[in-house]
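Colleague: Using this note's numbering, the first residue of the sequence shown is number 262, and each one after it goes up by one.
Please keep in mind that the hints were generated in silico from the structure rather than gathered at the bench.
Bear in mind that the values here come from a model prediction, so they are computed numbers and not experimental data.
Some hints could be false.
[Claimed, not checked] Distance windows between CB atoms, simulated:
| hint | residue 1 | residue 2 | range |
| --- | --- | --- | --- |
| 1 | N410 | E361 | 38 to 44 Å |
| 2 | S319 | N421 | 19 to 25 Å |
| 3 | D417 | S458 | 31 to 37 Å |
| 4 | D316 | S351 | 14 to 20 Å |
| 5 | S441 | D291 | 22 to 28 Å |
| 6 | D456 | V388 | 22 to 28 Å |
| 7 | A450 | T315 | 14 to 20 Å |
| 8 | T428 | A450 | 29 to 35 Å |
| 9 | R296 | G382 | 15 to 21 Å |
| 10 | P389 | R469 | 23 to 29 Å |
| 11 | P362 | S452 | 15 to 21 Å |
| 12 | K447 | A335 | 21 to 27 Å |
Backbone N, C-alpha and C define an ideal beta-carbon position, used for all residues, glycine too.
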Amino acid sequence: MLFVIEMKKIILIAVALLTAFSASAVETADAFLGRVAAKLKSSPSIVASYRLTTDGASQRGTLTVAGNCFTIDAPGLRSWYDGKTQWTYSSQTGEVNITEPSPEEVEQINPFAVINAFRQGYKSQFVPAAAGLKKIKMTSSVPGNDISNVLLTVSDKTLNPAEIVLTLSSNQVIIIRIDSVKAGVKMPASSFRFDKSKFPGVEVVDLR
């Protein structure tokens with residue numbers, strides 16, 4: 262009888278240990294986002310082709326990211342950001358606007374910045390996704406944040422973002438579908454600043 266009782270205790274302890282191990286082995290959304298962020302940071306630069314859709318209008322473009330800096334090349338529009346200052350050139354107006362965007366504004370312009378910001382101001386959780394993909398909902402925990410939530414879809418195999426959906430506090434929805442992500446080369450700091458000599462006759466408007 263004592264032997265049976267002891268065996269039951271051993272089995273219960275073993276089950277408890279296995280349950281605890283299984284729970285700890287399950288990757289959290291934050292841990293997964295950490296791996297995605299580390300993958301993006303592992304290359305000197307990242308070049309992504311994307312399609313942005315908002316308010317029924319779509320635009321294709323190329324985003325190049327290196328650390329906190331980025332450039333955008335889209336039809337009729339080019340933009341440079343050196344980590345503090347942004348220059349935006351419009352071929353339609355022939356002007357370059359200079360601004361110093363807030364972190365929330367940077368996240369709307371450079372969606373990859375949202376991935377790096379997940380530990381600051383967002384609560385993350387997995388939501389159902391198609392096979393081979395992981396989908397994470399990031400909900401803002403900061404009152405007054407311009408971005409209410411982010412729905413991020415990532416390839417489970419490559420850890421590359423496939424789609425980023427931003428819902429703003431105004432209820433505007435911005436959908437960014439990533440067609441391709443490639444590792445780039447190391448780029449000089451000047452690559453992320455507007456070079457007026459390459460745009461002769463352009464009017465510079467300082468909005469800072």
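Colleague: In ascending order, which of the hints set out earlier in this document are inconsistent with the structure?
Modeller: 1, 3, 6, 7, 10
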